[in-house]
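Chemist: Given the structure of chain A, go ahead and fit chain B onto it with the hints provided.
Protein chains: 2
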Amino acid sequence: MDKASGANEKVGSNPWCPFLIHNLLRKVIKLGKKIKKIGKEDPRRILHSLKVGIALTLVSIFYYVTPLFNGLGSSTMWAVLTVVVVMEYTVGGTLSKGLNRAFATLLAGALGLGAHQLASLAGAKGEPILMSIFVFMLGSGATMATFSRFVPEIKARYDYGVTIFILTFSLVSVSSYRVEELISLAHQRLSTVAIGVATCLFTSLFVFPVWAGGDLHKLVAANLDKLACFLEGLGAEFFVEKMENGNVEGKSFLQSYKSVLNSKATEDSLANFARWEPGHGPFSFRHPWNQYLKIGAITRQFACSIEALNAYISTLQQSHHTTASDPEFKQKIQTACAEMSSETGKALAELASAIRQMKWSSAAGQHLAKAMAAASSVKAIVPAEDSTMLEILRLATIASLLTEVVRCANQVVIAVEELGRLAEFQRPEHGRKAGAVKPIAGVESPPHVVIDIEK
Amino acid sequence: MDKASGANEKVGSNPWCPFLIHNLLRKVIKLGKKIKKIGKEDPRRILHSLKVGIALTLVSIFYYVTPLFNGLGSSTMWAVLTVVVVMEYTVGGTLSKGLNRAFATLLAGALGLGAHQLASLAGAKGEPILMSIFVFMLGSGATMATFSRFVPEIKARYDYGVTIFILTFSLVSVSSYRVEELISLAHQRLSTVAIGVATCLFTSLFVFPVWAGGDLHKLVAANLDKLACFLEGLGAEFFVEKMENGNVEGKSFLQSYKSVLNSKATEDSLANFARWEPGHGPFSFRHPWNQYLKIGAITRQFACSIEALNAYISTLQQSHHTTASDPEFKQKIQTACAEMSSETGKALAELASAIRQMKWSSAAGQHLAKAMAAASSVKAIVPAEDSTMLEILRLATIASLLTEVVRCANQVVIAVEELGRLAEFQRPEHGRKAGAVKPIAGVESPPHVVIDIEK
Numbered sequence: 001m002d003k004a005s006g007a008n009e010k011v012g013s014n015p016w017c018p019f020l021i022h023n024l025l026r027k028v029i030k031l032g033k034k035i036k037k038i039g040k041e042d043p044r045r046i047l048h049s050l051k052v053g054i055a056l057t058l059v060s061i062f063y064y065v066t067p068l069f070n071g072l073g074s075s076t077m078w079a080v081l082t083v084v085v086v087m088e089y090t091v092g093g094t095l096s097k098g099l100n101r102a103f104a105t106l107l108a109g110a111l112g113l114g115a116h117q118l119a120s121l122a123g124a125k126g127e128p129i130l131m132s133i134f135v136f137m138l139g140s141g142a143t144m145a146t147f148s149r150f151v152p153e154i155k156a157r158y159d160y161g162v163t164i165f166i167l168t169f170s171l172v173s174v175s176s177y178r179v180e181e182l183i184s185l186a187h188q189r190l191s192t193v194a195i196g197v198a199t200c201l202f203t204s205l206f207v208f209p210v211w212a213g214g215d216l217h218k219l220v221a222a223n224l225d226k227l228a229c230f231l232e233g234l235g236a237e238f239f240v241e242k243m244e245n246g247n248v249e250g251k252s253f254l255q256s257y258k259s260v261l262n263s264k265a266t267e268d269s270l271a272n273f274a275r276w277e278p279g280h281g282p283f284s285f286r287h288p289w290n291q292y293l294k295i296g297a298i299t300r301q302f303a304c305s306i307e308a309l310n311a312y313i314s315t316l317q318q319s320h321h322t323t324a325s326d327p328e329f330k331q332k333i334q335t336a337c338a339e340m341s342s343e344t345g346k347a348l349a350e351l352a353s354a355i356r357q358m359k360w361s362s363a364a365g366q367h368l369a370k371a372m373a374a375a376s377s378v379k380a381i382v383p384a385e386d387s388t389m390l391e392i393l394r395l396a397t398i399a400s401l402l403t404e405v406v407r408c409a410n411q412v413v414i415a416v417e418e419l420g421r422l423a424e425f426q427r428p429e430h431g432r433k434a435g436a437v438k439p440i441a442g443v444e445s446p447p448h449v450v451i452d453i454e455k
Numbered sequence: 456m457d458k459a460s461g462a463n464e465k466v467g468s469n470p471w472c473p474f475l476i477h478n479l480l481r482k483v484i485k486l487g488k489k490i491k492k493i494g495k496e497d498p499r500r501i502l503h504s505l506k507v508g509i510a511l512t513l514v515s516i517f518y519y520v521t522p523l524f525n526g527l528g529s530s531t532m533w534a535v536l537t538v539v540v541v542m543e544y545t546v547g548g549t550l551s552k553g554l555n556r557a558f559a560t561l562l563a564g565a566l567g568l569g570a571h572q573l574a575s576l577a578g579a580k581g582e583p584i585l586m587s588i589f590v591f592m593l594g595s596g597a598t599m600a601t602f603s604r605f606v607p608e609i610k611a612r613y614d615y616g617v618t619i620f621i622l623t624f625s626l627v628s629v630s631s632y633r634v635e636e637l638i639s640l641a642h643q644r645l646s647t648v649a650i651g652v653a654t655c656l657f658t659s660l661f662v663f664p665v666w667a668g669g670d671l672h673k674l675v676a677a678n679l680d681k682l683a684c685f686l687e688g689l690g691a692e693f694f695v696e697k698m699e700n701g702n703v704e705g706k707s708f709l710q711s712y713k714s715v716l717n718s719k720a721t722e723d724s725l726a727n728f729a730r731w732e733p734g735h736g737p738f739s740f741r742h743p744w745n746q747y748l749k750i751g752a753i754t755r756q757f758a759c760s761i762e763a764l765n766a767y768i769s770t771l772q773q774s775h776h777t778t779a780s781d782p783e784f785k786q787k788i789q790t791a792c793a794e795m796s797s798e799t800g801k802a803l804a805e806l807a808s809a810i811r812q813m814k815w816s817s818a819a820g821q822h823l824a825k826a827m828a829a830a831s832s833v834k835a836i837v838p839a840e841d842s843t844m845l846e847i848l849r850l851a852t853i854a855s856l857l858t859e860v861v862r863c864a865n866q867v868v869i870a871v872e873e874l875g876r877l878a879e880f881q882r883p884e885h886g887r888k889a890g891a892v893k894p895i896a897g898v899e900s901p902p903h904v905v906i907d908i909e910k
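Residue numbers (the working numbering), protein chains in the order written: chain A, 1 to 455; chain B, 456 to 910.
For reference, chain A alone in the conformation it holds in the complex (with noise of 0.2 Å):
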């Protein structure tokens, strides 16, 4: 008793101070719990934060062994500092950045050495002439590569490449001015960018390397997996056991594929450093990466239409309505749901093998074909003389898909509506009607609006 009341005067005492230090110890906890995480999710990402270390040290040795010192002076530096920002994680990022490196450098040096020549043809009295041209020069040399870093080509693959051809090129002509032997200095410089993009490539090769194509061809078979692992999970538990009771809502097959709409500048990236990459383990250096990305533009368009018929089920879910009046009619659309969700499911899981393994796959077809079938049933059931019934059919799935659109406007009207309150939004002037969005948006809970046209 006496103790714990002390602790409290303790705290009473002086309020402020462990209750800071309280707050710094949880967020250091957060932050290792974190980064254990980090580490356990990929970890390669722990070799690849030594294979950093690793480097420098390799290449900081050229500073501390006095001969190789001697040999490139204080150059040395941009050993470390291409070393520094070259590294990337995977090979292709280390090669696209080095290579640019090396050639941007180069033919920066060139020009800039050139026009150097050219102008020391003035003179020493030529110096005003000189200085303007110089100025002039790395003016618009500038301007002219920093425009082209908007051509998406060239942001695309070469976008470092240009920032080192405006650093080096900017470097020589200005130091044009000041250097006496710029020659010498300009073959230092090349040589230490030389060891550095050397040693960057030594270690992202053959130290554990990590390679763009491959990880982007795990990606691309991993978001198929993930749309296979949704339509499975909802064809055996929400199709088989009970259409609208069975409350499929948390389950984790229900979310799985929505990192998969959110993609695109994964493998963007990921196919412009396979692009980069010489062949390795199954993968030529002329590997068709382009096609992987038509793969992963339509998987994004599947994971739209699964988006939609998420959004339905659950709108349905929600709105708990027992009618069950043809208990036949019923139980053959189901099977045939049920049959067209699991077979689509499986001939995705078997895609996403065949692209793993490199194998072609027969199955994954006579999946699909098995799931048109089940598509082509749902025809025969429902009678086809009766083309009323085709018309309502066809029309109220349009009204239904236009309801879910209208029910997403309600989500905007109120994110909208919370940003006019954080902003401060104008109000209108007659009266300040505090909410004139509000009676639709007033509510909290999640569905505001269930507008659900079966009921």
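Rather than coming from a laboratory, the hints here were simulated on the basis of the structure. You may find that some hints are simply not true.
[What the hints assert, rightly or not] Simulated DEER-style distance windows between Cβ atoms:
hint: 1; chain 1: B; residue 1: PHE740; chain 2: A; residue 2: PRO282; range: 48 to 56 Å
hint: 2; chain 1: A; residue 1: VAL207; chain 2: B; residue 2: LYS492; range: 42 to 50 Å
hint: 3; chain 1: B; residue 1: ARG811; chain 2: A; residue 2: LEU106; range: 44 to 52 Å
hint: 4; chain 1: A; residue 1: ARG427; chain 2: B; residue 2: HIS735; range: 16 to 24 Å
hint: 5; chain 1: B; residue 1: PHE558; chain 2: A; residue 2: LEU24; range: 19 to 27 Å
hint: 6; chain 1: A; residue 1: ARG427; chain 2: B; residue 2: VAL520; range: 54 to 62 Å
hint: 7; chain 1: B; residue 1: ARG481; chain 2: A; residue 2: ALA363; range: 45 to 53 Å
hint: 8; chain 1: B; residue 1: PHE558; chain 2: A; residue 2: LEU121; range: 44 to 52 Å
hint: 9; chain 1: A; residue 1: SER376; chain 2: B; residue 2: PHE784; range: 22 to 30 Å
hint: 10; chain 1: B; residue 1: GLN881; chain 2: A; residue 2: ALA297; range: 24 to 32 Å
hint: 11; chain 1: A; residue 1: ALA297; chain 2: B; residue 2: VAL606; range: 24 to 32 Å
hint: 12; chain 1: A; residue 1: ALA265; chain 2: B; residue 2: LYS492; range: 19 to 27 Å
[Stated by the list, open to error] Here are the computed lysine-lysine pairs in the DSSO-like style, where the Cα-Cα straight-line distance is at most 30 Å:
hint: 13; chain 1: A; residue 1: LYS264; chain 2: A; residue 2: LYS155
hint: 14; chain 1: A; residue 1: LYS155; chain 2: B; residue 2: LYS485
hint: 15; chain 1: B; residue 1: LYS488; chain 2: A; residue 2: LYS264
hint: 16; chain 1: A; residue 1: LYS30; chain 2: B; residue 2: LYS719
hint: 17; chain 1: B; residue 1: LYS610; chain 2: A; residue 2: LYS218
hint: 18; chain 1: B; residue 1: LYS610; chain 2: A; residue 2: LYS27
hint: 19; chain 1: B; residue 1: LYS719; chain 2: A; residue 2: LYS294
hint: 20; chain 1: A; residue 1: LYS264; chain 2: B; residue 2: LYS673
[Stated by the list, open to error] To give a feel for the contact side, a few chain A residues facing chain B, derived at Cβ under 8 Å:
hint: 21; residue: LEU47
hint: 22; residue: LEU50
hint: 23; residue: LEU167
hint: 24; residue: GLU307
hint: 25; residue: LEU316
hint: 26; residue: VAL412
Note that beta-carbon positions come from the ideal geometry of N, C-alpha and C, so glycine has one too.
Modeler: For chain B alone, coordinates are given in the frame of chain A:
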């Protein structure tokens, strides 16, 4: 006649040379056109390129003016280097990179110097010890800093800072072994980096500033407008005229929303930069940029439902059926759909303009209410007592959505098959069945299998 044949002969004598020149010329002209187009699309890009030129010219003055150069020595190079790497398109980008660079240099420099002072206590005798301490420090420091870049929060905001920290720390701890006047060197280095950063910030902030925040604000509104454009176009052209015969394919409003689906990366980076920007125009320093990301996420989800709707409509149009058995019913539901579509479109357009003008608008809510009323009217059209009908409608909608999913799966099969062909996937052993998947995906016209359950 003579002339022409002469020209032909010329081509004949050296078929490659004119061909190559012609090819090169064509490429140059194409690039020129592209550059012109990029400049026209956003003239601020040309201004940005000029700004980089101006900033470099400004900073190179330090090199050319002798008293300034004598004060800083060859470290002036670091100012040029800083300008080249720090200058970004938006104010927020420049601020983020510049502040990251300045603080990382300061912190790493101080740490490196401190370590040097500690190690120098070892004296001349301790040279090997000193050396191993530095190499170890360098390696482990770089390893830890590199690993921290995998933490998403650090990656998003301080990625560049960590790079510069590694760089400066490496340079200081490496240099400390060679350079005598380390303090003076550190002082020079820091001043030149500060000069570089200041030049960039000055040019970014005061010469035609491009605000990331303003761009994000406009982008979010523009994306809502694109969705509005689709819905209003659909309401006006598709539903009102002739449902399945009116060919809306190829109309521009059908495609405009597609870019919304891939807007995440741009929005994230703009929001990230916007957080660094000081208050400007209508935006305060603490403007709720996160809320824009939320609106963006909902907008993308919205675009997904529209994608599903669009896919369904285009499948319908390709199947060309002309059942018009119950014109009155059709008319009613068509009117309701047109109302839902165009009123939702108008609501979104209102929201976009509300964001743009930063004004509350009650019109969006009113339009949305109308759309909801139309959605409810669909319920009334379908006779409420006929529960079998309702059952069918609900199940049919799910079946239609699933059919779309199956159709998507077919596209995936085709794309993976193409990959298998390009990447030479291993074929199954038993008799090299050329196209095990082919029977389904063989035909090359777009909708290979139009499963239309309403037929």
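Chemist: Output the numbers, in ascending order, of every earlier hint that fails for this structure.
Modeler: 21
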